[in-house]
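J.: The listed protein sequences correspond, in order, to chains R and L. Counted from 1, the first sequence has number 6 at position 6 by our numbering; the numbering is strictly sequential. For any residue, its number in our numbering is found by taking its place in the second sequence, counting from 1, and adding 1000.
No lab work stands behind these hints: they were computed from the structure.
Pairs of lysine to any residue residues, derived as SDA-like cross-links and limited to a Cα-Cα distance of at most 25 Å, are as follows:
1) L/K1043 / R/I68
2) R/K64 / L/S1008
3) L/K1198 / R/L9
4) R/K64 / L/N1005
5) R/K46 / R/D59
6) R/K41 / R/I68
7) L/K1043 / R/D47
8) L/K1043 / L/F1104
9) R/K41 / R/I62
10) R/K46 / L/L1092
11) R/K92 / L/I1156
12) L/K1043 / L/T1264
13) R/K41 / R/Y31
14) L/K1043 / R/M63
15) L/K1198 / L/G1148
16) R/K46 / L/L1096
17) L/K1043 / L/G1275
18) R/K64 / R/R44
19) L/K1198 / L/I1162
20) R/K95 / L/I1131
21) L/K1043 / R/S49
22) L/K1246 / R/I13
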Amino acid sequence: MDLEALLGLILIIGVFIGLIMLSIGLGAYIYFHGIEIDLSKTIRFKDLSTWVMSLRYQDDVIMKMLSIGLIIIILIPYTRVIASLIWFIYHKDLKFILFTLFVATVLTLSIIGLLRSF
Amino acid sequence: MDLINIFSVLIVALFSGFLGSLTGLGGASIMTPILVALGLPLKYSIANAVISIIATSAGSSAAYVRDRITNIRAAMYMEIFTITGGIVGAYLTLMLPAVVLYFFFASFLILVLFLSREKGSLNDVSRDREIDRFSRWLNIRGEYYDPGDKIYISYIVRRAHIGGPMMMIAGVAAGSLGIGAGAFKTAIQEGIMGLPPKVATTTSNFIIGMTGLAAASVYISSGYVDPVLAASMTLGTAVGSIIGSKILPIIRGRTVRILSMIITVYLIIQMIYKGVSQLWI
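Please build the complete structure, drawing on both the sequences and the hints.
T.: Take a look at the structure:
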């Protein structure tokens, strides 16, 4: 499989699964909680990785579904960078290994919250 | 205002995604000023719009990536700059008062209006025969089939040493305003780096998602990302942009340009009005 076909697949599968989960989650939220969003109840996460970890302790199925849908969508670009990095390493393309490695490193630091002290 | 109606967010997002896809402005640039007018705090609107950008970018660029119109290597090079700019931009938004952001948003829309008018004259750079040393070292080339003209179009990336740092400015704008800044990114790729218009537009769409992720990771830790609000904005813009892309081929180019100009001018007035009214409070 070439890089373009692989990345095209990651994009379309990610967005499809993410949007399906958001549709079901949002429909269920409106049915059980009504049509208002209370911003004063917004939960603050330390970073994206903490949000992912918190899913294990999330009892509210609807919020869990919305969170998973959003996290899948947010992580689509990250997944495609990692896939590109592996592809460039396999094809020994040093220039682009360095480019994708830089992008992957900055994003990883950002996702685990290490850039917050900046 | 702490209580927001999901249906009004969904309708605004759907409408914005539709118009954004039709005019090339992008859903978030239209959605944020309207939601702010409806009472949603600006920083909430920006932070949650970033997630909708990732979804629209992934959905709209998948086919072009597969068809090799999007230049993956050019995108990888430019992403070094856009993600750095995106993170810096998101931190700026968290530090700056909302009133500054209103004026920054208005200034950016004025720049988009200018770029859309000057697009033709910016293309002159692509006709340069000389390729600079850095671009020769990068050696990013591409070829795609244009079904409209029934020919293969070949190109090589030029002036990458100028285009790259310019992309950082686009990243700062995208990260700080929670928008894709697609018009700006496309103008840099076409006007400075000499990419064909179709490649520039689709590569810009592809990069937008990555800048969105860089900014989103900062906004998540700020506490402005609300799952229900983000889901409503993401679903609305995604569905709206799909409808817009289906209708686009049957609408005349002139109509699209006029519509785009009217919307941009309205959004500029709206943002300046908000900024000025905050100054008086």
